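Visitor: These are the residues of each chain, in order.
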Amino acid sequence: MKTFAELGFPGRLIAVEGLDGSGKSTQIYLLKRWLELQGLKVFFSEWNSSELVKNATSKGKKRELLSPTTFSLIHATDFADRYERQLVPLVRAGYIVLCDRYIFTAFGRDTVRGCPQEWVRGIYNFAAMPDLVFFFKASLEVSLQRILEGRPQLKYFEAGMDLRLSSDPYESFRIFQGRILEEYLAMSTEFHFLVIDANQQIEAQQAVVRDLVAAKVDLKKYILHKPIPLSK
Amino acid sequence: MKPSPRVPLQTNPRRILVPRVKPRQFYGQGVPGMDLSKLGGKLIVVEGADGSGRSTQIARLVEWLEGCGHATVQVGLKRSTLVSEELDQAQQGNILSRTTLSLFYATDFADQLENIILPGLRAGRMVLADRYIYTLMVRDMVRGMDLAWLKNLYGIAVVPDVVFYLNVLPEELVERNFAKNQSLDFWESGMDLGLSRDMFDSFLQYQSLVAVKFKELQATYGFTIVDGHRTPEEINIELRKRIESILARK
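Order-wise, the sequence lines are chains Y and C.
Position one of the first sequence corresponds to residue 1 (this note's numbering), numbered consecutively onward.
Position one of the second sequence corresponds to residue 1001 (this note's numbering), numbered consecutively onward.
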């Protein structure tokens, strides 16, 4: 699988991965602000799926209709929709595209649910590799603490309740997240993740992220040109 | 279609054939958590274009099988609880791009596989499938999707006991579609491919492309090709004979 740069696309795609509570969303937001304030063409891709796919996914989740296979496939559908309608056009138009999670989330989650690894990876092989992947590596306890502090209402699939790991949603979530972390660690070398120590302070992490982006992406190529006025 | 006289069903209630449970296989790695050794029943697939007579044949097979003492269950594309409604809407708007639509269909198939086909076989039923993964694969192949990608995707599917392909020439299909719906269907005419702006031309071209791709798959999947130009009764007799020999297999 090639990266967007290797495919000769003008834009670049930067993804962040990590457990819930690893602080990755904060970091990608700060990265976006930094790039924007330099006047660069940057786009933060939120998980905007089309209404249709969204309906089906939320119906499946609400009614707990999903098996590991259909869970995997409906999320692949959702990803394909976003990939074909949003990510590819943006990268082709020369944007730096920032993604909160990419295919590695699916690789980890679906494998933990028991789907064969080669099958899952085969399905996603229509997607190009990100040019950079930051992996925010926080200890399991830190991530769990951040998420579970407020005793949130954990959703059925989010807590991995379908895996029957425990009848207690919090306990199930702990075991589930632990397994996903193992998957991330196993993928880390294979997919050249840039590993960020997410137990550090926010500013320390952001400094590393910005340095790496500046070193690996020729930022001056992405300066946003003011549109030509239509009339004087 | 001309009505044809029904040949009396050959059933003998005192001698119901009890089929042997044979080991089953998935095309690829299958679905997680499924024990294949517990699957009895038979999976009978009928493939063919719209107007090839699939539903007529399936209806008659159901009647005959039940008469012979076998429990049946039917499946078809776009009938899952999970995504069938959304798939219908997607088709009407033509708003999803190729990979997305392909995966959406695969989701629909997987849902029915896990909730109808596999439980049906586990319960020892005759599962009659009005189309299977092959139609889905062929539609995508015609639209330029990679065959290796499709084979991996549909590696979840269980291998049927028999796949009948009702072969009807495109020229004949046109007439049957007009007789049934007074019009040609947008998707069955492959209008999204831009082969021709003329729907009639597009239909003929598209159905020929589909037939070519089916032949390509035939090499791998070994369909039983059935001449669909005969009367429904003649065709049904052929299907029953084949099914009888499958049920009698030692």
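In short, the hints are calculated from the structure, not lab data.
Quick caveat, the model's predicted, so the values are computed rather than measured.
Beta carbons are placed, not taken as given, at the ideal position from N, Cα and C, and that holds for glycine.
Certain hints may be false.
Covered, in the sense of this in silico footprint (three residues per stretch, anywhere, with C-beta under 8 Å from a C-beta of chain C), are these stretches of chain Y [as the list claims (entries may be wrong)]: (1) 24-35; (2) 217-226.
One side of the interface only, derived from the structure: several residues of chain Y facing chain C at Cβ under 8 Å [unchecked claim]: (3) K2; (4) T3; (5) A5; (6) L7; (7) I74; (8) A76; (9) Q86; (10) N125; (11) M129; (12) S139; (13) L148; (14) P152.
Visitor: For the hint on P152 (chain Y), just tell me whether its beta-carbon gets within less than 8 Å of chain C.
Guide: Cβ of P152 (chain Y) sits 27 Å from chain C, so the hint is violated.
Visitor: The hint names I74 (chain Y) as touching chain C; please verify it with the least Cβ-Cβ distance against 8 Å.
Guide: Hint holds; I74 (chain Y) Cβ to chain C Cβ min 5 Å, cut 8 Å.
Visitor: Mind checking the CB of Q86 (chain Y) against every CB in chain C and telling me if the closest is under 8 Å?
Guide: The hint is violated - Q86 (chain Y) has no Cβ within 8 Å of chain C, the shortest such distance being about 11 Å.
Visitor: Restraint: T3 (chain Y) near chain C, CB-CB cut 8 Å. Satisfied or not?
Guide: 19 Å, violated
Visitor: Counting residues of the stretch 217-226 of chain Y with a beta carbon closer than 8 Å to any beta carbon of chain C, are there 3 or more?
Guide: violated (count 0)
Visitor: Just to be careful: measuring from the Cβ of M129 (chain Y) to every Cβ in chain C, is the smallest value less than 8 Å?
Guide: 16 Å, violated
Visitor: Would you settle whether the hint for A5 (chain Y) is holds or violated, based on the nearest Cβ-Cβ distance to chain C being less than 8 Å?
Guide: This interface hint is violated because 22 Å lies over the 8 Å limit.
Visitor: Have a go at the K2 (chain Y) hint: is there a Cβ in chain C nearer than 8 Å to its own Cβ?
Guide: 15 Å, violated
Visitor: Take the shortest C-beta to C-beta distance between S139 (chain Y) and chain C; is it under 8 Å?
Guide: 29 Å, violated
Visitor: Answer holds if the nearest beta-carbon of chain C is closer than 8 Å to that of L7 (chain Y); otherwise answer violated.
Guide: 16 Å, violated
Visitor: Quick check on L148 (chain Y) please, does its C-beta sit within 8 Å of some C-beta on chain C?
Guide: Violated - the Cβ of L148 (chain Y) stays beyond 8 Å from chain C, reaching only about 28 Å at its closest.
Visitor: So, N125 (chain Y) near chain C? Judge it on the closest CB pair being under 8 Å.
Guide: 7 Å, holds
Checked against the numbered hints listed earlier, the structure breaks hints 1, 2, 3, 4, 5, 6, 9, 11, 12, 13 and 14; every other hint is satisfied.
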